[in-house]
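Sequences are here, hints too, so could you generate the full structure?
For the record, the sequence lines run as chains A and B. For the first sequence, this note's numbering gives the first residue as 18, with consecutive numbering after it. For the second sequence, this note's numbering gives the first residue as 16, with consecutive numbering after it.
In case anyone wonders, no lab produced these hints; they're calculated from the structure. Remember, predicted model here, so these are calculated numbers, not experimental data. Heads up, the beta-carbon is just placed ideally off N, CA and C, and yes, glycines get one too. Just so you know, not all the hints are guaranteed correct.
To be verified - Here are the simulated distance ranges between beta carbons:
#1 A/Gly-108 - B/Ile-128: 24 to 32 Å
#2 A/Ile-106 - B/Glu-245: 57 to 65 Å
#3 B/Leu-244 - A/Ile-52: 24 to 32 Å
#4 A/Asn-46 - B/Glu-242: 37 to 45 Å
#5 A/Gly-75 - B/Arg-167: 39 to 47 Å
#6 A/Gln-104 - B/Ile-128: 53 to 61 Å
#7 B/Ala-19 - A/Asp-99: 41 to 49 Å
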Amino acid sequence: MTNTSLKAFNAMVRRDFTLALRNKSEWANPLFFFILACSLFPLGIGPEPNTLEKIAPGIIWVTALLAAMLSLDGIFRSDFEDGSLEQQILGPHPFTILVYAKILVHWLITGIPLMLLSPLLGVILHLPADGIILLMISLLLGTPVLSLIGSIGVALTVGVKRGGMLLSLLVLPLYIPVLIFGAGAVDVGLGGLDTSGHFLLMAAILVLAITLAPLATAAALKVSV
Amino acid sequence: MWKAIKRLTSFKNFYRFSGKLLPWFGAITLVLFLTGLYWGLVIAPIDYLQKDSYRILYIHVPAAWMSLFVYIVMAASGAIHLVWKTKLSEVIANSCAPIGATFTFLALVTGAIWGQPTWGTWWVWDARLTSELVLLFLYIGYMALHSAIEDRASAARAAAILAIVGLVNIPIIHFSVNWWFTLHQVASISVGKGSSLHPSMYWPLMVMTAAFKFYFATVLMMTARNEILERDQNSNWVREEEKNL
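This is the structure:
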């Protein structure tokens, strides 16, 4: 990465981050959704602590995944609508680097807050303290993958009117490995087994996603715009 | 060389060439199906454990193999279309999706029907079943994306990108589901029917597999020819074909 590209990356991160912070609904709504959806489960299933403890990792992971997915639209939507996305593609800097910046910002405003909120939901769902720590680690490793893979889906559907349902069709099947290892790590840890295998595999998926996903996203955006 | 490929894969040439192949492929498919079905359903010996119910294997296993094979063909022709922008590969990729989805669906349904007498349940969250289900979702996503984008050229390219992303993901999904399965210890269910198949049951399976392959080629050609006619409906060569009918 040359020096100017690095500058472009930093500028893009700063710009998108400022824009996202000022648009409160963009970062706050997914979090409210996360809390709300999680608290629906005890109402539907019943308040027994034992049952809730058993299904808590799965519930928190699935709702975090849905919250991340519902917030994906914000990555490219406004830039697509006002035409600045087109300029970014045409501009002198490698477009993939700008895509990296956008995905990073999406993770910073949704992935990190989801992870920080997860202990609260863990407490509500009677998850023991060990489980909460494991849950946070798994979310830390898993949420960037959600942003990375999701960016491909949203790049493919950005030109489609009312593409929300379509986006979930495209993205959810690809989220399955992260969900399995993320929720599985907590389960295994609570069962008293070694979790390093799960975390290493999640890290491997993360590395693979960091390497390949932005390339696919950039190619998809060039098709969509 | 490049020009020769372009000429050979032009809509007109493909249409005429496949028109000549089609009756042969159809006939081979029919013969293979009849042989394979008779061999598998009537001649092949009864399984001592599963009795006659195992015979659904002759549909189930080839369908499951084809579901993956068709996805690979679809993603490969999508990639060829992305790189070289050849029209024919675009048509092939589009035609693959519904066929592959059908094979996947068939594999799932026959699996469920087979599961009822052997496992006592229609569905288990077994590794293979789950990855097959995810594969069906990938096919559905491909078709949904393709039909959602109005512009035909960008729809094809977007769908091709999705197919390639899916192809990278299929091994990861399969692997992760496998892991999850072994960790959850869904005991007492063994899917291990694999290579220990007796020759008298193995060969009819091979015939059925060949039948499915030829069926795929036949239907693929028919679907592709249909789409080609629709796209080139105003061109001279289609009018000529019309006159010859």
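Hint-by-hint comparison with the structure:
1. A/Gly-108 - B/Ile-128: 24 to 32 Å: 56 Å, violated
2. A/Ile-106 - B/Glu-245: 57 to 65 Å: Because 32 Å falls outside the window, the suggested range is violated.
3. B/Leu-244 - A/Ile-52: 24 to 32 Å: 55 Å, violated
4. A/Asn-46 - B/Glu-242: 37 to 45 Å: 42 Å, holds
5. A/Gly-75 - B/Arg-167: 39 to 47 Å: 41 Å, holds
6. A/Gln-104 - B/Ile-128: 53 to 61 Å: Roughly 56 Å apart at Cβ, these two residues keep to the hinted range, so it holds.
7. B/Ala-19 - A/Asp-99: 41 to 49 Å: Between B/Ala-19 and A/Asp-99, where Cβ atoms are some 47 Å apart, the hint holds.
Hint compliance for this structure: hints 1, 2, 3 are broken, all remaining hints hold.
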